[in-house]
Amino acid sequence: MQILVVEDEQKMAKALREGLEADGYAVRVAHTGEEGFYLMNAQPFDLAVLDVMLPGHDGFEILSTIRRRGIKTPVLLLTSRDAVEDRVRGLDIGADDYLVKPFAFPELLARIRVLLRRGKAPAVERFKLADLELDQGRRSVTRAGQAIELTPREFELLEYLFRNRGRVVSREMLARDIWKETSRQTPLDNVIDAQMVRLRKKIDGQFEPKLLHTVRGVGFVLREGDES
Amino acid sequence: MNRKVRLRPRHLRTRLTLSYVSGLAILLVLAWAGTCGLLFWQLRNQLGHFSIQEIETVEGLLYFTPQGQLRLKEDYHNHSESKDVIERYLEVRDADGSVLYRNERLGDRSLGNPPFRGEGVGGYSERSERLSDGTRMRVVSRVHVLDGRPLLIRLAHSEEPLYERLRDLSLASLVILPIVLLIAWFAGYGLARRALSPIEKMAREAQEITPEKLHARLRVDDADDELGQLARVFNETLARLERAFEQLRRFTSDASHELRTPLAMIRSVGEVGLQKDGSRAEYRDIVGSMLEEVNRLTSLIDNLLTISRADSGHIQLHRTTVPMLALAREAAALFEILTEEKSQTLDVGGDETAQVEGDPIFLRQALVNIIHNAVKYSPIGERISVAVRNGDSARVVIEIKDNGPGIPSEDQPKVFDRFYRVDKARWRESGGAGLGLSIAKWAVEANGGTVSLQSEVNEGCTFRITLPRAAMPSKHAKPASPVPAPEHA
Numbered sequence: 007m008q009i010l011v012v013e014d015e016q017k018m019a020k021a022l023r024e025g026l027e028a029d030g031y032a033v034r035v036a037h038t039g040e041e042g043f044y045l046m047n048a049q050p051f052d053l054a055v056l057d058v059m060l061p062g063h064d065g066f067e068i069l070s071t072i073r074r075r076g077i078k079t080p081v082l083l084l085t086s087r088d089a090v091e092d093r094v095r096g097l098d099i100g101a102d103d104y105l106v107k108p109f110a111f112p113e114l115l116a117r118i119r120v121l122l123r124r125g126k127a128p129a130v131e132r133f134k135l136a137d138l139e140l141d142q143g144r145r146s147v148t149r150a151g152q153a154i155e156l157t158p159r160e161f162e163l164l165e166y167l168f169r170n171r172g173r174v175v176s177r178e179m180l181a182r183d184i185w186k187e188t189s190r191q192t193p194l195d196n197v198i199d200a201q202m203v204r205l206r207k208k209i210d211g212q213f214e215p216k217l218l219h220t221v222r223g224v225g226f227v228l229r230e231g232d233e234s
Numbered sequence: 165m166n167r168k169v170r171l172r173p174r175h176l177r178t179r180l181t182l183s184y185v186s187g188l189a190i191l192l193v194l195a196w197a198g199t200c201g202l203l204f205w206q207l208r209n210q211l212g213h214f215s216i217q218e219i220e221t222v223e224g225l226l227y228f229t230p231q232g233q234l235r236l237k238e239d240y241h242n243h244s245e246s247k248d249v250i251e252r253y254l255e256v257r258d259a260d261g262s263v264l265y266r267n268e269r270l271g272d273r274s275l276g277n278p279p280f281r282g283e284g285v286g287g288y289s290e291r292s293e294r295l296s297d298g299t300r301m302r303v304v305s306r307v308h309v310l311d312g313r314p315l316l317i318r319l320a321h322s323e324e325p326l327y328e329r330l331r332d333l334s335l336a337s338l339v340i341l342p343i344v345l346l347i348a349w350f351a352g353y354g355l356a357r358r359a360l361s362p363i364e365k366m367a368r369e370a371q372e373i374t375p376e377k378l379h380a381r382l383r384v385d386d387a388d389d390e391l392g393q394l395a396r397v398f399n400e401t402l403a404r405l406e407r408a409f410e411q412l413r414r415f416t417s418d419a420s421h422e423l424r425t426p427l428a429m430i431r432s433v434g435e436v437g438l439q440k441d442g443s444r445a446e447y448r449d450i451v452g453s454m455l456e457e458v459n460r461l462t463s464l465i466d467n468l469l470t471i472s473r474a475d476s477g478h479i480q481l482h483r484t485t486v487p488m489l490a491l492a493r494e495a496a497a498l499f500e501i502l503t504e505e506k507s508q509t510l511d512v513g514g515d516e517t518a519q520v521e522g523d524p525i526f527l528r529q530a531l532v533n534i535i536h537n538a539v540k541y542s543p544i545g546e547r548i549s550v551a552v553r554n555g556d557s558a559r560v561v562i563e564i565k566d567n568g569p570g571i572p573s574e575d576q577p578k579v580f581d582r583f584y585r586v587d588k589a590r591w592r593e594s595g596g597a598g599l600g601l602s603i604a605k606w607a608v609e610a611n612g613g614t615v616s617l618q619s620e621v622n623e624g625c626t627f628r629i630t631l632p633r634a635a636m637p638s639k640h641a642k643p644a645s646p647v648p649a650p651e652h653a
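Chains as they are written, first to last, in my numbering: chain A, 7 to 234; chain B, 165 to 653.
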C-alpha cells in the first residue's frame, strides 16, 4: 500500500513516515504542495495524507485542484485548526476524512485503515486471541473455555479492541467510537480508565498470559506478549 | 482628477452655523414679504378710500349745461389745489356707455374697459386697471343720478407710486439682508464654536487613552448637562473595557502558567531520561510519561480554544426542545462506573415533562462538567443527586447536590472563574485545569440560563441551573437520545 504524505514540517514528516512504515505502508513524502501535486499526478497512490497549512498553495487548493482533475485518491486532511467551518470546507471540496493536530498516532492509523478498507465490509463475527474468544452473534466471551459475563459496554469495548488487535487504541478513539462523545472537552479519561480496569479484571484477572495492556501515555492494546 | 465635490461642510460648527443662518434668511425673507404685502394692501385701501371721498365731492360738482353737456364746477379748485385733486383721473359715462366727460389729466384715454354689468350700482366698485400706456390705476366707480339721468362716474388714482415704494423697500432689503446675515453668521459660528469646544477637548482627552492607559477617565465639568452625560457614558464604557482587558490579561497569564506546568514536566522528564543509560522498558516509561503530559496539554488547549471561541461569540447554538431529565440521565450515566468505583450513589430524578429550549450539546456539556465535579469531590460512599423540575415563571430548574467537603463562602464567587481550583495541590490527581465549571457556566448562560452555587463547609454543594422552559411542551419527546449524531462521520 502506497501512501503519500504532504507535510512541510520536517519533524512531523519524519514521524509520519516512520510511523506509517512501521505499520507496513510504503511512504513517499512531499515537502511542498507543488511537489505533492506533481507526485499525485505522476503516479497512483492508495491514499494521501495532506497537511492544510502548507507554504504557497495550501492543502485546500491542492485538494480541490486534484479533485477537479478527476484524481480519486482518498485524502485525509491534517490541520491545526479545529473550526467547524474548516472541517466542513475540507469535506466539501473532496476530503475523505479530517484530523486535527495534535492527534494520537493510533487514531491516524485507524482512520487510514478505515479509508483503505472503505467498501469492503469486515464480516468477522468471531475473534480469538490466545485462549480468549469473542462471538459476536451469540454475544458471548470465554477465556480458557470459561464463560465471562460482560456488561454491554464492556462487550463493545472488547470487540473494538479485538478489531484493532495488536494496535494501540487511544482514549480519543474510545471516547468517540464507544462512548459516542462529540466534544473533545468531556472529562472521559477517568471513566475510560476505570472501565478498562474492570474489563482487565474480568478477562485477565486469574488468567495467563495477560492480554489487555496499557501503553502509557498513548492508550490500550489487546495482544499476546508485553512488547511489540 | 475626478474628485467628488464635497457639498457637506466638514466641521459640525460650520454645518450648525450654516443651517442656523439659512433658517434665519428664510425667516427674514418671509417677514419682509409679509410686511411689504400688508403695507401695499393698506396703502391701496387708503387710495381707494380717498377716491370714494373724491367721488362724493365730484357728484356735487357735476352739472349739465343748458346745451345738455356735462361739466364740472372748476371753481372748486380755488379752495383745494391739492396734489391729489390734480392727480386724479375722472371719467363719466352715460347709461349706454358713451363718454360724457373726461378730465384734463385723463385726456381722451379710456379709464379702463367698457362698463360691466352692475358696475357702480348700489355702492362703490373698486378695482385695479391699466391705462392704455400701461399705468396701473386704482379705479372706483359709482352710478350717480343727475337730473334724472343715471351717470357712471369713474375716478382713479395712479398706483405707480405704491409700486415705486415697494421697489425702494426691496432695494433697501437687498442691501440690509446680507449684512444682517453676515453678522448672524459670525455670531452663530462663534456660538457654535463655544458650544462645541468642550467636545473637542473631550476628543483630545479620549485620544490620549490607549490600552495601556485604560485607567484614565474624561474630566466631567458638569455631570448634569448633555456633555457631562456624554462624558459619563464614555467613562462607564471605559470602565467596562478596563475590566474586560484586566480579565483578558489575567486569563492570558493564568493560561500561560497552566501551559507551563505540563511543559516543565515534559522537559524535566526528557532531560533526566537522557542523562542516564536506561533499559528499553525505562525509556518506554519516560516517553509514556511525557505523552501523558502532552495529552494534558492537548485537552487544556482544546478547552482554551472553546473558551476563546465562546468569548468571541463564534459558537453557534442549534436550539431545539430538550427533554431535560433524559439529558441529565444520559450525562449521569457517563459517570456510572466512577461512582461505582467510589461506592457513591448517583440519583437522577424529577419531572419528565420539564423541557428546555436550548442547544443539547452545550447543555449536556454543562451537566457533564458539573456532575463530574460533584463525583470528583465527593468522598467514598456519599450520595449525589440530580433533580429536574419545572420551576416558576417559565424556567426549568436542575439541582446537582453532593455531600462533599463543601466550599468556603469566601471562595464561592470564584468557583466559576477560569483556572480556579479549591484545592490547588489536588489537581494533578483529579486531572482538571479548573476550566470545567467556567465552561459549564458559559454553556448555561449562552442558552439563556443561570447557574449558581449554594454551599457550606462540610455540608456539600448544590449547583442550581435554571433554563428557559420550552414554549410548547412536545408530546413526542424522545427521551432516548437527545444528542444528535456525532460530527465525525
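I should point out that these hints are in silico values taken from the structure, not numbers from a laboratory.
Some hints could be false.
As the list claims (entries may be wrong) - Simulated restraints on C-beta separations:
{"id": "1", "chain 1": "B", "residue 1": "GLN618", "chain 2": "A", "residue 2": "VAL120", "range": "44 to 50 Å"}
{"id": "2", "chain 1": "B", "residue 1": "THR614", "chain 2": "A", "residue 2": "SER86", "range": "52 to 58 Å"}
{"id": "3", "chain 1": "A", "residue 1": "ASP195", "chain 2": "B", "residue 2": "GLU390", "range": "41 to 47 Å"}
{"id": "4", "chain 1": "A", "residue 1": "ASP195", "chain 2": "B", "residue 2": "ALA428", "range": "19 to 25 Å"}
{"id": "5", "chain 1": "A", "residue 1": "ARG74", "chain 2": "B", "residue 2": "THR401", "range": "49 to 55 Å"}
{"id": "6", "chain 1": "A", "residue 1": "GLN142", "chain 2": "B", "residue 2": "TYR584", "range": "44 to 50 Å"}
Each residue gets a CB set at the ideal place from its N, CA and C atoms; glycine is no exception.
Hints, one by one, checked against the model:
no., hint, in the structure
1, GLN618/B / VAL120/A: 44 to 50 Å, "holds (48 Å)"
2, THR614/B / SER86/A: 52 to 58 Å, "violated (35 Å)"
3, ASP195/A / GLU390/B: 41 to 47 Å, "violated (59 Å)"
4, ASP195/A / ALA428/B: 19 to 25 Å, "holds (21 Å)"
5, ARG74/A / THR401/B: 49 to 55 Å, "holds (51 Å)"
6, GLN142/A / TYR584/B: 44 to 50 Å, "holds (47 Å)"
Comparing the model with each numbered hint stated earlier shows that hints 2, 3 do not hold.
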